[in-house]
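With these hints in hand, go ahead and build the complete structure from the sequences.
Single-letter residue listing:
Protein chains: 4
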Amino acid sequence: MEKPSPLSASAFAHFADITTRWIDNDVYGHINNVVYYEFFDTVVNGYLIAQGALDIATGAVIGLVVETHCNYFKPVAFPDTLRAGLRVAKLGTSSVRYEVGIFRNGDDTAAAQGHFVHVYVDRATQRPVPLPETLKQALTPLLR
Amino acid sequence: MEKPSPLSASAFAHFADITTRWIDNDVYGHINNVVYYEFFDTVVNGYLIAQGALDIATGAVIGLVVETHCNYFKPVAFPDTLRAGLRVAKLGTSSVRYEVGIFRNGDDTAAAQGHFVHVYVDRATQRPVPLPETLKQALTPLLR
Amino acid sequence: MEKPSPLSASAFAHFADITTRWIDNDVYGHINNVVYYEFFDTVVNGYLIAQGALDIATGAVIGLVVETHCNYFKPVAFPDTLRAGLRVAKLGTSSVRYEVGIFRNGDDTAAAQGHFVHVYVDRATQRPVPLPETLKQALTPLLR
Amino acid sequence: MEKPSPLSASAFAHFADITTRWIDNDVYGHINNVVYYEFFDTVVNGYLIAQGALDIATGAVIGLVVETHCNYFKPVAFPDTLRAGLRVAKLGTSSVRYEVGIFRNGDDTAAAQGHFVHVYVDRATQRPVPLPETLKQALTPLLR
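Chains as they are written, first to last, in this note's numbering: chain W, 1 to 144; chain U, 1 to 144; chain Y, 1 to 144; chain F, 1 to 144.
Everything labelled a hint here was simulated from the structure, so no lab data went into it.
Hints may be right or wrong, so weigh each one.
Copies of one chain are not kept apart here, so a pair can be met inside one copy or by any two copies together.
[Said to hold, decoys possible] Okay, derived cross-link-like pairs now, DSBU-like style, lysine-lysine, Cα gap no bigger than 30 angstroms in a straight line:
1) Lys-136 x Lys-90
2) Lys-90 x Lys-74
3) Lys-136 x Lys-74
4) Lys-3 x Lys-74
5) Lys-3 x Lys-90
Keep in mind the model is a prediction, meaning the values are calculated, not measured.
Dropping the structure here:
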């Protein structure tokens with residue numbers, strides 16, 4: 001089982017602050033592995049909404065998640081504050097590979113990192129469509 | 001069904017910032033009613049931890065939740081940022097009634113508000129115990 | 001602080017089985033107070049969907065939650081299986097008061113119980129509307 | 001981006017039934033990608049608890065999650081009932097690779113599948129330890 005090395009914050013292009021919640025801690029007193037994916041979704045979609053590249057209610061194109069992955073390097077726990085770093089590793093014809101790092105505030109080395117692949121589909125037919133121009137323009141600056 | 005009026009921020013004594021998450025929105029595009037209780041837990045326990053009045057891992061006394069309640073006045077949605085206001089309405093012998101207001105950032109009127117009753121029990125026996133002095137000292141400034 | 005008594009299963013009119021999840025347990029090893037409201041939502045909306053009285057995607061009328069409440073009598077924990085009992089305490093002009101009991105499987109006495117008030121609104125205008133006939137017919141058998 | 005094929009139920013050795021919840025559906029009306037990992041945790045830990053191979057509260061050895069991964073093939077949604085299939089792909093010295101498939105009830109082809117790597121550590125020191133005998137005996141029948 002190959003194990004990636006934690007990235008530093010400088011590897012990422014955009015950041016979102018995240019406040020943790022009491023319920024994020026599991027029975028072992030650390031943020032449960034599942035919850036990191038809530039942060040992935042949040043930094044990706046928050047960026048897209050802020051850029052005007054995602055219209056949840058009425059947009060003709062929506063992103064379906066087809067693959068997610070996370071490696072966990074060291075535990076974090078409520079009441080830590082975190083930030084999520086975001087970069088785009090690949091802009092395909094109709095898919096995007098986002099990479100996310102989760103940093104405990106003040107840390108430069110990721111506590112966890114992973115990826116997230118969106119395939120963009122027509123909302124009605126659910127068939128893949130070429131990435132809309134607005135989306136490509138929003139994501140190109142995040143390519144690393 | 002009597003309906004309380006939304007409180008203003010000045011009714012509360014302590015505040016915690018809360019970042020919302022993509023997953024908080026339900027199928028109707030607003031933060032689901034359940035999630036507000038995650039904020040309640042977070043502002044209460046975050047305050048207690050910051051005051052040194054709650055030691056999750058090893059404290060002899062823990063707070064059991066015996067009652068929760070929330071009224072919802074207007075919807076909030078990811079990616080809104082929120083703050084949770086906290087006050088203590090009653091310090092009993094072994095119980096505390098916390099009241100919480102959820103404000104959309106910048107708003108002075110609560111989007112939702114509710115309460116939360118903790119009974120403090122011995123961790124081992126789970127029997128109610130008088131509120132520890134540290135806890136009373138931490139909570140007295142929040143009485144309104 | 002008045003404290004209600006736990007109801008028996010015979011007080012409820014409809015039941016839904018619920019499997020608990022590892023993440024439901026919080027740091028104290030019991031299902032967190034927040035999670036019970038996930039069960040409330042589930043038994044109410046599951047019943048409505050099964051009766052054809054709620055069309056999430058396209059129905060003209062949706063239920064907004066305006067008040068929720070829960071009392072907790074004894075802890076439950078993953079991997080317990082649970083069932084949620086449902087009854088309707090009041091059918092108003094445009095609102096419904098649902099009452100829910102959470103039972104550990106095999107138990108006849110509620111581990112927790114609470115209520116949940118829906119106001120039915122027009123999906124577009126979000127203004128209250130009289131309860132649709134389909135909904136009244138679905139809920140009348142649950143009145144206790 | 002290589003894409004795995006969905007497995008059939010016969011590829012798995014143990015199954016757990018899962019009831020979905022209203023809150024599992026996200027704004028697009030399907031179970032959010034994050035929630036599948038709640039099912040992974042649940043089928044793994046539920047199996048270990050049932051086998052007496054995991055003592056959450058007092059066991060000397062606990063499983064830390066170091067890697068998780070999921071591929072999503074077709075959407076599922078509340079109120080679907082699901083089952084999670086579990087197998088063990090690798091028993092290492094101190095780590096285990098679990099593989100999980102999520103099936104909509106009645107389906108023989110996975111709607112989603114992924115893996116989950118546990119490293120077993122001493123609860124106090126958090127250092128890896130050889131897999132306890134009880135754990136190896138519980139997991140060997142799941143090897144596929």
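Hint check results:
1. Lys-136 x Lys-90: Cα proximity of Lys-136 and Lys-90: one copy only (11 angstroms, versus 40 angstroms across).
2. Lys-90 x Lys-74: Classified as both: same-chain Cα gap 27 angstroms, cross-chain 23 angstroms, threshold 30 angstroms.
3. Lys-136 x Lys-74: Only across copies: Lys-136 and Lys-74 sit 25 angstroms apart there, 34 angstroms inside one copy, limit 30 angstroms.
4. Lys-3 x Lys-74: Both: 13 angstroms inside a chain and 29 angstroms across chains, each within 30 angstroms.
5. Lys-3 x Lys-90: both (21 angstroms within a copy, 15 angstroms between copies)
The structure fails none of the hints (numbered hints given earlier).
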